[in-house]
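J.: Residue numbers (this note's numbering), protein chains in the order written: chain A, 58 to 302; chain B, 58 to 302.
The set of hints was computed from the structure by calculation and includes no laboratory data. We put the CB at the ideal spot given by N, CA and C, even for glycine. It is possible that some hints are incorrect.
[Said to hold, decoys possible] Covered stretches of chain B (chain A as the covering partner; in silico rule of three or more C-beta atoms under 8 Å from a C-beta of chain A): (1) 130–141; (2) 225–238; (3) 244–251.
[Claimed, not checked] Just a sample of chain B residues kept apart from chain A, beta carbon distances all over 10 Å, derived: (4) 78; (5) 82; (6) 85; (7) 145; (8) 273; (9) 278.
2 protein chains.
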Amino acid sequence: EKGNPAAQPLLSVHDQNMQWPQGWVGKEEIVMLLYPGFTALDLFGPHHFFVLMMGAKVHLVAKTMEPVLTDTGIRVTPTMTFADCPEKPTVFFVPGGTGGTLDAAKDEVIRKFVEERGGSADYITSVCTGSVLLGAAGLLKGYKATSHWITRDLLSEFGAIPVDQRVVVDRNRITGAGVTSGLDFGLKLVQDLRNQQYAEAVQLFAEYDPQPPIDKGSQSKASPDISGLLMHMHEPFRQMVRDLR
Amino acid sequence: EKGNPAAQPLLSVHDQNMQWPQGWVGKEEIVMLLYPGFTALDLFGPHHFFVLMMGAKVHLVAKTMEPVLTDTGIRVTPTMTFADCPEKPTVFFVPGGTGGTLDAAKDEVIRKFVEERGGSADYITSVCTGSVLLGAAGLLKGYKATSHWITRDLLSEFGAIPVDQRVVVDRNRITGAGVTSGLDFGLKLVQDLRNQQYAEAVQLFAEYDPQPPIDKGSQSKASPDISGLLMHMHEPFRQMVRDLR
């Protein structure tokens, strides 16, 4: 359990002599981008599902090895720099954020990294406004995609086709809606990358049987007063997204 | 947006002259425990909901300020040490894990901190096997509580009454089931700490309208083959939990 606990957490306390069912162990290379100001849960939701794939390597990749400050005050230490990142990841993942996401889109080094390493991945993916960064890097042109409901329609600024759906799959682009959609997105990817039985085991081990105490989690279900206020609060941000073009 | 982005992320791009609806700004002191080997998403799920409470202070508290290695390989930097922790937190929260949680329960300094600071909080809370640590610190005696389905029944070892429910509230003890229950738990606390309108705004902003692509997320829904295998894998861990007593 010491050393590198990232490798196989499902195995952390298991009988080493067990036989695994066929298809349970893989070798995906999963690259998750860290940049200053990303939203922590955008990344940690799918991360949890990815690390439950036995044998998969999950990398937290940033410009340098310095801890990265998220927009909710958590500092997260990268596991790898851009320079050491696998050339052709199985999955390239971009989390969202607000000001930090715009700064990342304007940062030549980060945008180029997203364009090149993202562009060469088997799956090009995001959650929340991560799709704004994918769009700014030119990776969503002609693809259906989604984003946080506040920015979803703006994906058309980058040549994407906005879709009002929690997880949108168009060929090898898989994008999630607002932050908590990362759990649905993560499980969907496990289902695509492994077999159904394995995905069911991951869902059970993560006890992902959501029962929100309130049912106002999407724009169509929420009170127009509340969604209108949140939209109004983010008008300046929406303008800054448009200005990225 | 620079400086301390933890304070009010909902406000990060808003009009500073806005009037907030009554009851939208509070001053909770929320203490979230970090220890080596905790499960990242156990903490980051509720953390996201807590930081969306405008005015709340959310602290990541550990023995020292060194980055803490989670059981999924993420290193997280604390924001505060035990020594600087508020005397009477509004919420005291303990995440779960496997071997790390047992080590924390056996660590005199950590257990005493949980017992004392946890014991003096308005709400004493956990997600996943965090309840094992609360139990080992003597804080669940005579209380209904839950845990990850693999360890739930073992809470009786610590004098608690195990309940098969995603979020269990008994007086000021609020415990969540396996890792992803932290989102339901977090939203429930926002609902308790603020008003209904605010909780609805937080749910919408987090776009928490879950739509898992599979529906096998609890023991009662899962295939007995899969739940049996996972339970078998964790028998040694279950024994180590019993040995904590």
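J.: Take the hints in turn and mark each one as holding or not.
T.: Structure-based check of each hint:
1. Coverage of the stretch 130–141 of chain B by chain A holds [criterion: at least 3 residues with CB-CB distance below 8 Å; count 6].
2. Closer than 8 Å: that is the beta-carbon criterion, and the stretch 225–238 of chain B has 5 residues meeting it against chain A, so the requirement of 3 holds.
3. For the stretch 244–251 of chain B, the assignment as covered by chain A holds, since 3 residues bring a beta-carbon within under 8 Å of that chain's beta-carbons and 3 suffice.
4. With 10 Å as the threshold on Cβ separation, the claim that residue 78 of chain B sits away from chain A is violated: the shortest Cβ distance comes to roughly 8 Å.
5. No Cβ of chain A comes within 10 Å of the Cβ of residue 82 of chain B; the nearest lies about 14 Å off, and the non-interface call holds.
6. Remark: the non-interface label on residue 85 of chain B is consistent with the geometry, its nearest Cβ contact in chain A lying 15 Å away (cut-off 10 Å).
7. With a least beta-carbon separation of about 22 Å from chain A, residue 145 of chain B lies farther than 10 Å from that chain, consistent with its non-interface assignment.
8. Residue placement check: residue 273 of chain B does not keep its beta carbon more than 10 Å from all beta carbons of chain A (closest about 4 Å).
9. At roughly 7 Å from the closest C-beta of chain A, the C-beta of residue 278 of chain B falls inside 10 Å, breaking its exclusion from the interface.
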